[in-house]
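Quick note: the sequence shown, position 76, residue 75 per numbering that gives the first Met the number 0, numbers continuous.
Errors might be hidden in some of the hints.
Distance ranges between label pairs, derived from CB positions [to be verified]:
#, residue 1, residue 2, range
1, S10, E80, 36 to 46 Å
2, N25, L92, 15 to 25 Å
3, G77, R46, 16 to 26 Å
4, N99, S10, 33 to 43 Å
Pairs of lysine-lysine, DSS-like flavour, derived with a Cα cap of 27 Å [unchecked claim]:
#, residue 1, residue 2
5, K44, K55
6, K84, K70
7, K44, K54
8, K84, K55
9, K70, K54
10, K54, K29
11, K29, K55
12, K29, K70
13, K84, K44
14, K55, K70
15, K54, K84
16, K70, K44
17, K29, K44
Since the hints were derived computationally from the structure, they do not count as laboratory data. Everything numeric in this text was worked out from a predicted model, so none of it was measured. Glycine included, every Cβ here is placed at the ideal spot set by N, Cα and C.
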Amino acid sequence: MRVSIELDNYSINVILILVRCTNEWNLLSKASENENAIVRREVAKNRNTQVHILKKLSYDTNSFVREAVGKNPNTPIGVLERLLKDPEPWVRLAVEENLNNPKEKNRRVIYIK
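Start from the sequences, fold in the hints, and give me the full structure.
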């Protein structure tokens, strides 16, 4: 099934529900550009969000969006390494928790001096 909707026509609550429950890349891509940081944060949390979108969101001006990128198990290691140097401590903590999660077998430990 292909989802083709204009997000501007929906309330923020409907958008959030759509973003949390979808695996449709076109919807996640469009929502990642939403002006509302809460919507962008939900995109960053979604395990179906494509890597290129996570990379883009890792530069978001909102630290809670970056925190969600840091928590996402699909975020590339290079992005996580950069987020470990984020000025906000909750972003760095999210990355550390992500990297130390024993369920994520393909992660490697990163040490920052």
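Verification of the hints:
S10 and E80 have their C-beta atoms about 38 Å apart, which keeps the hinted 36 to 46 Å range intact. A hinted range of 15 to 25 Å is violated for the C-beta pair N25 and L92, which are about 32 Å apart. Checked against the hint of 16 to 26 Å, the C-beta distance between G77 and R46 comes to roughly 19 Å, which is consistent with it. In this structure, N99 and S10 meet the distance hint of 33 to 43 Å, their C-beta atoms being roughly 38 Å apart.
For a cut-off of 27 Å, the pair hint linking K44 to K55 stands: about 13 Å separates their Cα positions. With a C-alpha separation of about 15 Å, the suggested pairing of K84 with K70 holds against the 27 Å cut-off. Distance hint between K44 and K54 is fulfilled; the C-alpha atoms sit about 13 Å from each other, no more than 27 Å. Distance check on the hinted pair: K84 and K55 sit about 17 Å apart at the alpha-carbon level, within 27 Å; holds.
Between K70 and K54 the CA atoms are separated by roughly 13 Å; this keeps the pair inside 27 Å, and the hint holds. For the hint linking K54 to K29, the alpha-carbon distance of about 15 Å falls within 27 Å, and the restraint holds. Only pairs whose Cα atoms come within 27 Å are accepted, and K29 paired with K55 is accepted, the gap being roughly 12 Å. Under the criterion of a C-alpha separation no larger than 27 Å, the hint pairing K29 with K70 is consistent with the structure, at around 21 Å.
A hinted pair counts as satisfied when its Cα atoms are at most 27 Å apart, and K84 with K44 qualifies at roughly 20 Å. Straight-line distance between C-alpha atoms of K55 and K70 comes to about 15 Å, which keeps the hinted pair within the 27 Å bound. For a cut-off of 27 Å, the pair hint linking K54 to K84 stands: about 15 Å separates their Cα positions. For the hint linking K70 to K44, the alpha-carbon distance of about 7 Å falls within 27 Å, and the restraint holds.
Proposed proximity of K29 and K44 is supported: the alpha carbons are some 15 Å apart, at most 27 Å.
Of the numbered hints listed earlier, the single one contradicted by the structure is hint 2.
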